[in-house]
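So the sequence lines, in the order shown, correspond to chains A and B.
First residue of the first sequence: 1, per this note's numbering; consecutive thereafter.
First residue of the second sequence: 1001, per this note's numbering; consecutive thereafter.
Since the hints were made in silico from the structure, they are not lab data.
One or more of the hints may lead you astray.
Unchecked claim - Subject to a maximum C-alpha distance of 20 Å in a straight line, what follows is the list of computed SDA-like cross-link-like pairs (lysine to any residue):
no., chain 1, residue 1, chain 2, residue 2
1, B, K1220, A, N57
2, B, K1011, B, A1099
3, B, K1207, A, P16
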Amino acid sequence: MVIKILAFGMLNGILPEEITFQNEGVDLELFRAYLIENYPSITQYSYSIAVNHAIVNQNTELKNGDVIALMPPFSGG
Amino acid sequence: MENYQDISNSKVLIIGVGGIGCPVLEQLAKVGVSKIGLVDGDIVSESNLNRQFLFSVNDIGSAKVDVAKKYIDNQFNDIELEVYNQFLTLENAIEIIRAYDFVFDCTDNFPSRYMISDACTLLKKPLFMGAVNGLEGQVFQFSNIDSSFYRDVFPTPPNSRDILTCNQSNVPPELTNKIGTLMVSNFIKHFDSINEYNLFINYQLEKNEIYQFDILANQKGYENTPKTIGQFLKSNYQIQCFGNTTINWQEIDLDNHDICILDIREKHEGPALTINQVLRLTFDEIQTGNDDFLNKNEIYVVCDFGNRSLNVAHYLRSVFPNKMVFSVLGGVNDAFSPLNLKQHGS
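Isolated chain B (complex conformation):
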């Protein structure tokens, strides 16, 4: 490999050590990248084990980046692996990304994807992205640093809930491995190419088919990209992707089984909501690690009048960026709350 030296000398940042991040890390190590950064604030949980092969049963509860580092240190003796046991946020994104030459986005949510794309656009860092949905995957290569990266393809984040609530638990490991492999092989091709181009690959596991497309400049994408780091720091990617934090009772589909009505009132506060899907946890309990609501995609936080719940919703959005979290306007005392509708006999 004639460009081996270039590959070996490059500093690569991997954001997200999940289904795609695991194969990306292992393969970047195998092709000889000697300086790798790893960002993820998550811990290993049982549901990760089927497709996140760096982790085993004994690692449940440990920080993903620490387990990944142990694995790499055991397998390879010449890799400098820096770990960041935290999620990428507006506050730390610029500082962390700035220290690397290339970025691999292996995250699992739109707010992070748009944030990473914008940060890489601003800092002019080539970006490789991988994403999956069901039995299909997408790979993006953004080697042309004078472009708007992900926003050239999707200028604005999707606001459809159908996209956001797609079930990720059924994604088979051979798909995430394939997507990771495609990302790394495009990274290698980047060094062989004289032209800097952006491209998009769609992979269908069932048919084992690959489609590749060129990405051209998109005026709307350019307009939507922050132009300065100051503008970037003022962005709110949660609101761009999920909309406002508040929602009315009428907008909630109470028959949906994938929602959680999170009642954060203190235990002595009544009356209780008697609909299904209600989980009562105080803010203290949530902050000390009770996260029984995480098996649902949509979380609606309620309190008595909708004030305290707004703070909790903001907190949850920052800690769990891939969950759709809302604060319910008017709380349990709202005229349209299930409590009042029931009393009026409707």
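Next up, chain A with everything else stripped away, as it sits in the complex:
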């Protein structure tokens, strides 16, 4: 299955635009662990995660074609 990634702010450029998993049944926790293992520099940033069009705070099943956005907080004004 293919998961598309939108990386905002400081995370832009660190992550690829999509990741392909051989198996189905990847959930958000697994996906997050995969990112940290393969792109460890993201751990220096705080960020929230949205699946498709909603910001999520709990683990959730992912399906082929889901879009995951990672958004760090901005402070500038």
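Given the coordinates of chain A, assemble chain B onto it according to the supplied hints.
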């Protein structure tokens, strides 16, 4: 516009008259909001002029809110504009926000953002937030007053220095204008909508792309929000965002050019620190307006043993909430101070 009357009758508070606050003020005036409050304790400086279009060269040194009021009074004849020439603090936040129906957070630092979000949550005031970083911006609409606002998205403040030290001077005016416009257009939509919802918008200037997300309740955000005004008044947003005020010499990256070692000892006190980035200013000089350290993001205050510097660090944190200010433990006499390391030949 069928809801024009509602918009016109609402009282709106704008906190921060910077890159985002300027377009927000002008557009709220244009859409007919007739009662506006403006909070900012800052004065106009030269670096503001490129994107804070309410100000001109002649205004340098004047209070931002006074210049903004003059501009609005000249352009519009039916707007009641109340100005607060002070920064929003724990002490004045509740009283000021309470008098308004809607709040626009246009500040430039995390301690203020969390403080404003918590205050609006407690007082149940819908909040519109705008923030920028580089060529991207964020807009938050918190219309559902039974939520934890900003803490539903980011339950705890970021503690990464990389986020805090991002360079804001390169933010182009078309970005801050766009973010201000998005905030005001969502404010107008608020009146058209029957449902009260919270949403997040990310805008990328380079691609001119907008992404919008729904914000759902977040248990952790709820837990981290003060539940009473008493709890709110006991919060320390500086420590929540920047951590403790004290720091060890070993934790300071002395090769970083964006730091200032602020030596507050009296002029006759020696020996002098001979590393780069050292600025010697006494507390008197700082209080009388010498702020040559403000071009750096991280400020490390040192004295002989780290006692006087702690007071100065607390003072600087309250006056400059967007700066990371620390007091260095042990001062120049600490075993790990550059002075002692040098003497030991390391």
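Hint by hint, here is what the structure shows:
| no. | hint | in the structure |
| --- | --- | --- |
| 1 | B/K1220 with A/N57 | holds (9 Å) |
| 2 | B/K1011 with B/A1099 | holds (8 Å) |
| 3 | B/K1207 with A/P16 | holds (17 Å) |
Comparing the model with each numbered hint stated earlier shows that all of them hold.
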